[in-house]
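First residue of the sequence shown: 106, per the numbering used here; consecutive thereafter.
Hints are not guaranteed to be accurate.
As the list claims (entries may be wrong) - List time: in silico EDC-like cross-link candidates among lysine to aspartate or glutamate, alpha-carbon distance up to 16 angstroms:
(1) Lys145 with Asp111
(2) Lys143 with Glu120
(3) Lys139 with Asp122
What the hints assert, rightly or not - So the derived label-pair ranges between C-beta atoms look like this:
(4) Gln140 with Thr161: 44 to 54 angstroms
(5) Asp111 with Thr135: 17 to 27 angstroms
(6) Gly128 with Ile155: 29 to 39 angstroms
These are calculated hints, taken from the structure and not from any lab test. Idealized CB from N, CA, C, for every residue including glycine.
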Amino acid sequence: MQEYEDLKALIAEIEGDINKAEGGNKAAGTRVRKQMQKIKQAAQVLRSRILEIRSTQ
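Construct all of the structure, not just a fragment, from the sequences and the given hints.
Laid out in structure tokens, this is it:
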């Protein structure tokens, strides 16, 4: 399922910045927040896709 793969890719991309943000890097924290918004949207797309699959069965 492509939507799930997209979500996993977004999460993998953010890992380095999360570690930097924990160390106090403010710019990395901003990047994490922006990426988390994209993750939220991708999760919603995946959720909708799952409901669509369920309703067709």
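Quick rundown of the hints versus the structure:
no. : hint                                   : result
1   : Lys145 with Asp111                     : holds, 12 angstroms
2   : Lys143 with Glu120                     : holds, 14 angstroms
3   : Lys139 with Asp122                     : holds, 11 angstroms
4   : Gln140 with Thr161: 44 to 54 angstroms : violated, 32 angstroms
5   : Asp111 with Thr135: 17 to 27 angstroms : holds, 22 angstroms
6   : Gly128 with Ile155: 29 to 39 angstroms : holds, 36 angstroms
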